Amino acid sequence: MLILFIISSLSISAFDTPNDAGGSVTLKFSYPSPFISGEIMRKEEGKEFERMVAVSPSDTYWIDNSVEDGVKYYYQVVLTTEEDVVASEPASVISSPQWFHKGRTTMLIVVLLVCGLILFFIKQAKGGKELYIRRIAGLEAIDEAVGRATELGRPVMFIAGIMDIDDLQTIAGITILRRVAKKAAEYESQILMPTSRSLVMTAAQETVKEAYYDAGRPDIFNPNNVFYLTDDQFGFAAGCDGIMVREKPGAIFMMGSFYAESLILAETGHSTGAIQIAGTAMPSQLPFFVTACDYTLIGEEFFAASAYLSKDPLQLGSLKGQDWGKAMFFALIVVGSVLATFGFTIIKDILIVQ
Amino acid sequence: MKRQVPLIITFIVGVVMVIQYFIPRQPFAGLFDTFNRWFLVIAVFALLLGLLNLLRLHVNKVKKIDKGWGYSVVLLSGLVATIFTGAKWGIGTGTPFNYIFVNIQQPMGATMFALLAFFIASASFRAFRARNIDATLLLVAAIIVMLGRVPIGNILWNKLPLIADWIMTYPNTAGQRAIMIGIALGTVSYSLRVILGIERTYLGGE
Numbered sequence: 001m002l003i004l005f006i007i008s009s010l011s012i013s014a015f016d017t018p019n020d021a022g023g024s025v026t027l028k029f030s031y032p033s034p035f036i037s038g039e040i041m042r043k044e045e046g047k048e049f050e051r052m053v054a055v056s057p058s059d060t061y062w063i064d065n066s067v068e069d070g071v072k073y074y075y076q077v078v079l080t081t082e083e084d085v086v087a088s089e090p091a092s093v094i095s096s097p098q099w100f101h102k103g104r105t106t107m108l109i110v111v112l113l114v115c116g117l118i119l120f121f122i123k124q125a126k127g128g129k130e131l132y133i134r135r136i137a138g139l140e141a142i143d144e145a146v147g148r149a150t151e152l153g154r155p156v157m158f159i160a161g162i163m164d165i166d167d168l169q170t171i172a173g174i175t176i177l178r179r180v181a182k183k184a185a186e187y188e189s190q191i192l193m194p195t196s197r198s199l200v201m202t203a204a205q206e207t208v209k210e211a212y213y214d215a216g217r218p219d220i221f222n223p224n225n226v227f228y229l230t231d232d233q234f235g236f237a238a239g240c241d242g243i244m245v246r247e248k249p250g251a252i253f254m255m256g257s258f259y260a261e262s263l264i265l266a267e268t269g270h271s272t273g274a275i276q277i278a279g280t281a282m283p284s285q286l287p288f289f290v291t292a293c294d295y296t297l298i299g300e301e302f303f304a305a306s307a308y309l310s311k312d313p314l315q316l317g318s319l320k321g322q323d324w325g326k327a328m329f330f331a332l333i334v335v336g337s338v339l340a341t342f343g344f345t346i347i348k349d350i351l352i353v354q
Numbered sequence: 001m002k003r004q005v006p007l008i009i010t011f012i013v014g015v016v017m018v019i020q021y022f023i024p025r026q027p028f029a030g031l032f033d034t035f036n037r038w039f040l041v042i043a044v045f046a047l048l049l050g051l052l053n054l055l056r057l058h059v060n061k062v063k064k065i066d067k068g069w070g071y072s073v074v075l076l077s078g079l080v081a082t083i084f085t086g087a088k089w090g091i092g093t094g095t096p097f098n099y100i101f102v103n104i105q106q107p108m109g110a111t112m113f114a115l116l117a118f119f120i121a122s123a124s125f126r127a128f129r130a131r132n133i134d135a136t137l138l139l140v141a142a143i144i145v146m147l148g149r150v151p152i153g154n155i156l157w158n159k160l161p162l163i164a165d166w167i168m169t170y171p172n173t174a175g176q177r178a179i180m181i182g183i184a185l186g187t188v189s190y191s192l193r194v195i196l197g198i199e200r201t202y203l204g205g206e
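Protein chains in written order, with this note's numbering: chain A, 1 to 354; chain B, 1 to 206.
One chain only, chain A, in its complex shape (with noise of 0.2 angstroms):
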């Protein structure tokens, strides 16, 4: 009779492994809990089954990475009990690679409503549609910040964060560079910009040069005013800091991406009296910038910065699709919320990325 039962319920599924690469297979089982040992067994086509790995009463899948593409493969479970040795019905499964993740579709469609919005209105701008977009207070105080080292005569200092250029927000910096370095030499001031990485450097040392060639001024640049200092987080706030103390900058500009150093680095800025502006995308650092620098970047604004100083009207296109794109999202939130708070998750459900 109990033996009866354990066939009865002892069940195994196999099938392709979802969204992969290929070379997997997941099955699922289901057993009864009286059983002394279990295995999973499995053969090809025309050959013995042999044992793959040992199962407990609480399995109930396993994920096979060893199979071959294309191949048949048959499973069983097989479950030693007190009374005798029991092998459930045979499942067969052929593994193969995937074309698409489906479990991202939902990011696949706004990526391509993101993106068609921005596209659409970079077409727009192209044709000469006037573009309007709101004043940004601490782009509109690059200039003056800068203006108010060169009265002061003393350098203007900037820190592109502290990751390396594959960062995105290291490239934002280096763009917001290339303005704040045009600027220093059409004043005719210096530039110190340590780094923390050595292709930040190099990247560095080139838009720094090529602004002062733009500002017809190549005779004032130095090119040992970008340099490296070093790849340890706190040694390079130690060194920054240092040369905070030292050369007493004007105006200080930190843009990029930042973690603890941030406060260390801004609240020594402060103590120096420097004018500063902060720009990051880290929203865990954002409460630091804002508290010890005049002005700050938050977020969406530092990526805006380009095209902002710019006034290109492809760029300033791509900051209209990118606010379409929020108004998008924020009736997504309104809805879902609306529709959750009656128990209807259907919004939630549809944008979850696996």
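Treat the hints with care, as some may be off.
[What the hints assert, rightly or not] With a straight-line cut-off of 27 angstroms between C-alpha atoms, the simulated DSS-like cross-links for lysine-lysine are:
no. : chain 1 : residue 1 : chain 2 : residue 2
1   : A       : Lys248    : B       : Lys61
2   : A       : Lys102    : A       : Lys72
3   : B       : Lys2      : A       : Lys126
4   : A       : Lys311    : A       : Lys129
5   : A       : Lys123    : A       : Lys311
6   : B       : Lys67     : A       : Lys209
7   : B       : Lys64     : A       : Lys209
[Claimed, not checked] Which chain B residues face chain A? A few, computed with CB under 7 angstroms, are given here:
no. : residue
8   : Arg25
9   : Ala29
10  : Asn53
11  : Ala127
12  : Ile179
13  : Gly182
14  : Gly186
15  : Thr187
16  : Tyr202
In short, the hints are calculated from the structure, not lab data. Every value quoted in this text rests on a predicted model; they were computed, and no experiment measured them. For every residue, glycine included, the Cβ atom is placed at its ideal position computed from N, Cα and C.
The hints should help you fit chain B onto chain A, whose structure is shown.
Just chain B, lined up with the frame of chain A:
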């Protein structure tokens, strides 16, 4: 041509990186990791550039006895000592290199990190001055959260930890998420500008 080639490379790599996120099979699977490994290799070689820049700058400073040349001597001595001990005796436990790392490098890093406590105090003092309604709201919220996170808050009033948790879970999370959504859209927009070559300032062009 100097500008076109990097722009074409950026476009191709950018598009491939977007596509690989949605296609799990080969040759796209693992492409992200492969590109990251390539970047690491390039970054390691670039480290040499940084080292040479550091050496050149500080050797010149010492040679010319420029302002602050003493700091350069300390830096160069540390650099030479670390490289020499590491190359001669290795970097394992008990080696001079490890001694330098554990007894000089680590305490100096920890000291810088510890400075944060004092900087947070001075920054908070400025931020929490009740100059207007917004600053007053910030001050009240901060006091509740700070008291709610320490045992004395619970002794003063047992509802304080609950209110602190509510502030952190709802208004604070809502604000953070608003910023996060803006950052995500900004990232998409900026990436698109870079991929399409509209944003090329980082290459040295306008």
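Do the hints match the structure? See the list:
1. For the proposed pair Lys248 of chain A and Lys61 of chain B, the alpha carbon gap of about 19 angstroms is at most 27 angstroms, so the pair holds.
2. Pair hint Lys102 of chain A plus Lys72 of chain A holds up; C-alpha atoms about 24 angstroms apart against a cutoff of 27 angstroms.
3. With a CA separation close to 25 angstroms, the supplied pair Lys2 of chain B and Lys126 of chain A stays within the 27 angstroms bound.
4. Distance hint between Lys311 of chain A and Lys129 of chain A is fulfilled; the C-alpha atoms sit about 13 angstroms from each other, no more than 27 angstroms.
5. Straight-line distance between C-alpha atoms of Lys123 of chain A and Lys311 of chain A comes to about 15 angstroms, which keeps the hinted pair within the 27 angstroms bound.
6. As the CA atoms of Lys67 of chain B and Lys209 of chain A are separated by approximately 25 angstroms, the hinted pair is consistent with the 27 angstroms bound.
7. Among the hinted pairs, Lys64 of chain B with Lys209 of chain A is consistent with the structure: their alpha-carbon atoms are about 24 angstroms apart, no more than 27 angstroms.
8. Among the interface hints, the one on Arg25 of chain B holds; its C-beta lies about 3 angstroms from the nearest C-beta in chain A, closer than the 7 angstroms criterion.
9. Interface restraint check: Ala29 of chain B against chain A, minimum CB-CB distance 4 angstroms, threshold 7 angstroms, status holds.
10. At about 5 angstroms, the closest approach between the beta carbon of Asn53 of chain B and any beta carbon in chain A falls short of 7 angstroms, and the interface hint on this residue holds.
11. A distance limit of 7 angstroms between C-beta atoms decides the matter here; for Ala127 of chain B the minimum to chain A is near 4 angstroms, and the interface restraint holds.
12. Using the Cβ-Cβ criterion of 7 angstroms, the hint placing Ile179 of chain B at the interface with chain A is satisfied: the shortest such distance is roughly 5 angstroms.
13. At a threshold of 7 angstroms, the smallest CB-CB gap from Gly182 of chain B to chain A is about 4 angstroms, leaving the interface hint in force.
14. The interface hint given for Gly186 of chain B is met, as the beta carbon of that residue sits about 4 angstroms from the closest beta carbon of chain A, less than 7 angstroms.
15. Taking 7 angstroms as the C-beta cut-off, the interface hint given for Thr187 of chain B holds, the closest approach to chain A being about 6 angstroms.
16. The criterion of a C-beta within 7 angstroms of any C-beta in chain A is met by Tyr202 of chain B, whose closest approach is roughly 5 angstroms, and the hint holds.
Figure legend: structure checked against the earlier numbered hints; every hint is met.
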